[in-house]
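All chains, full assembly: derive it from the sequences and hints.
There are 2 protein chains.
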Amino acid sequence: MELLKSRIVKDGTLKEGNVIKVDSFLNHQIDIELLNEIGKEFKSRFQSERIDKILTIEASGIAIAVIAAQHFNVPVVFAKKTESKNLDTDTYESSVYSYTKDKTYTIRVSKKYLNEGEDILIIDDFLANGKAAEGLIDIINKANCTVAGVGIVIEKGFQKGGENIRNKGIKLESLAIVESIEGDRIIFR
Amino acid sequence: MELLKSRIVKDGTLKEGNVIKVDSFLNHQIDIELLNEIGKEFKSRFQSERIDKILTIEASGIAIAVIAAQHFNVPVVFAKKTESKNLDTDTYESSVYSYTKDKTYTIRVSKKYLNEGEDILIIDDFLANGKAAEGLIDIINKANCTVAGVGIVIEKGFQKGGENIRNKGIKLESLAIVESIEGDRIIFR
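First to last, the protein sequences are chains A and B.
According to my numbering, the first sequence is numbered sequentially starting from 1.
According to my numbering, the second sequence is numbered sequentially starting from 1.
Derived by calculation from the structure, the hints in this document are not laboratory data.
Do not take every clue at face value.
What the hints assert, rightly or not - DSS-like mimics (lysine-lysine), calculated; alpha carbons at most 25 angstroms apart, straight line:
1. B:LYS160 / A:LYS111
2. A:LYS21 / B:LYS81
3. A:LYS10 / B:LYS112
4. B:LYS10 / A:LYS112
5. A:LYS10 / B:LYS10
Computed from a prediction, not measured in an experiment: that's the story for all the values here.
The structure is reproduced here in structure tokens:
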């Protein structure tokens, strides 16, 4: 998606450890017009799939998922990372290791909001090692639902997450795939 | 907002401690059509205000803020509750006590995304004791910005948050104000 790639080049910044910071438009401050174009693009890439629901994970996936959901006309469910008195106790759970935060946490979705047989599209902002996406796939499997696909805004193609998911036979669509980072230059696949 | 109130009555559930659970349509599973009507309603209530940006707080405020932002044509910034290697170190911070989670946490917004003199609309899902909203107001003040208003989906009118914010002279618009909970009945103001 050229609009997205040129925005990453223009406003993204690189930090130590191959971190691509896009918090000026994607995951801290959010450019709503760009997000809407991203939503349209997801719709066009998954238009031949049956999709009953979009599943994402708090926090930065939520903005992308809800704007995309307008183009699919389906509800969004987001997996919770923190325990809350207000969350049902009857949940599907999975453990996810975060490299960014260097810890393992439990993600949870109330059993009420994933119904057996539904086709679920996963949407998230980043895919690197793929641990969050794998946790969501695990939850979808536990709910006896089907993974209709995985839609990612930025995939780090030099890490293993994308390959692992494609090897499962899952349709993965990443709107920008970063092949490598060379000095201060981002090379897209 | 009648559509919202009737949805709360129909699909909301009550839990011990005056908890109103609306996670089937607002803050775990999200009904995008309802959210869009909520966004329109916020626009109509704040149409006479100058608004440069919408500020919310992760996680459940994000969905509401981004859908509302489409009606205002402004960017969204969300305050972060967790530390992350990817967040700037140069941030505005405030401490917020959460009754739901029974702990105090620090919320942070990168200084880059609140520019002196901007008019900021706060949007969030719930207002009860108002600690999260006050934390966001504190951050807006620290950034030398102006609070253009506070838009809340569900206010618990029997708790102090709403009164405290109105007493500051801030325009607070809550789309549904729960006056009291009597047995299994919700009484709106």
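Against the structure, the hints:
no. : hint                : result
1   : B:LYS160 / A:LYS111 : 34 angstroms, violated
2   : A:LYS21 / B:LYS81   : 18 angstroms, holds
3   : A:LYS10 / B:LYS112  : 16 angstroms, holds
4   : B:LYS10 / A:LYS112  : 16 angstroms, holds
5   : A:LYS10 / B:LYS10   : 47 angstroms, violated
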